[in-house]
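Chains as they are written, first to last, in the working numbering: chain A, 1 to 178; chain B, 1 to 195.
Since the hints were made in silico from the structure, they are not lab data.
Quick reminder that beta carbons are idealized off the backbone N, C-alpha and C, glycines included.
Mixed in with the good hints there might be a few duds.
Ranges of calculated distance between the beta carbons of each label pair, as one might list FRET restraints [what the hints assert, rightly or not]: (1) A:171 / B:179: 23 to 31 Å; (2) A:103 / B:190: 29 to 37 Å; (3) A:9 / B:151: 25 to 33 Å; (4) B:137 / A:61: 14 to 22 Å.
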Amino acid sequence: MEEVKIQKPPKKYMNPYLAGVLLGIVIVLSFYFTREGLGASGAFKRSVAKVEQVIIPSHLDSEDSAFHHYITGGKDPLKNRLVYMIVGVFIGGFLSGAINRRLKLKLEHSPKITSKKRAIAAIIGGALFGIGSAFGRGCTSGAGLDGMAVLATSGFVVVGMIFGTGYVVAWFFRKLWI
Amino acid sequence: MGPLFTATDEWSFVIALVIGIAFGFILESAGFSSSRKLAGVFYGYDFVVLQVFFTAAITAAIGLIFFEYFGWIDLSAIWINKFYIGSAILGGAIMGFGFVLGGFCPGTSACAAAIGKIDAMLYLGGFIIGVILFDAFYPFYKGFYKAGNMGGALIFEDLGMSKNVFLLVFVMFAIVAFVATAYIQQRVSKKSKKY
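Work the whole structure out from these sequences, hints included.
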């Protein structure tokens, strides 16, 4: 007789307030141990800087590069805690997905739009976030969440602008989501 | 007394890896690996972003103050992101635009990509393109990027409040937001959205 495989459904998500408290504790510990908080965009900027260093070193050596300060004093752009942190984020995300039965190759999109449309929006959205987090000196975590945790003005301004602008433009792109 | 290490200390690399694992695990567990769930905050059908985000900010802010009170951490020694007025405002606005289009922010896209979300992988590809573009045209806006440096400005000082009063206002503001959004979410999701 053939074995019948029963796929169990994914587990429910964690209570958002519990997740928030746990995340807050992680932020405190990050400041306590490493003097700095969380961060995601920094690792990607540093990866780009590393590739630039290899293929167009003259660019990174000049003040014309936004990432020039990553290499001043002979430093390696990747020798930074943020790079290790993003590796951790991938591992942690994968572990939670595995435990909660959510590992699945899938392009998620609203049933009202095609996969292609979602793919294009995701790429453009990502590119905008790449530019925006460079101007903002950090993304939702590095500038926003850390900034609010230490009561920095920059954190509150960046978070206010992200969500404020989000609500303003949301109406124009509602077909992507609802 | 903390902070125990500097950011460039090799111990910080090991600790950052562990903290990153916790960070990614919590984000995924809370449902931040789904762009449709994240985008809900802009359309009123799911406010999990706001709930997790502000709970974390308040917990961390209060936690740091307690750590200082018990003499465990020297808050004058921790890193405060510098506030460059124009650049922060423009950057935040562009990120808001990107959030609505892409449905992720960098951290959430990383943990979504880790569980196999193809839209998150594409978003990350786009993110890299954006970073390259920013660097390529950097000389054009370098002046703007470096203008209006307010240093490590603190919000309660800028508002002329004491730290504790500001924190109280912040917590109350968040509680009102939690209650209001719970109400909105209940009304909007009567249309029942499953994903």
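Here is how each hint holds up against the structure:
Between residue 171 of chain A and residue 179 of chain B, the C-beta spacing of about 24 Å keeps the proposed range 23 to 31 Å intact. Distance hint check for residue 103 of chain A and residue 190 of chain B: the Cβ-Cβ separation is about 32 Å, which falls inside the suggested range of 29 to 37 Å. Here the CB-CB span from residue 9 of chain A to residue 151 of chain B is close to 51 Å, at odds with the stated 25 to 33 Å. Look at residue 137 of chain B against residue 61 of chain A: about 18 Å separates their beta carbons, and that is inside 14 to 22 Å.
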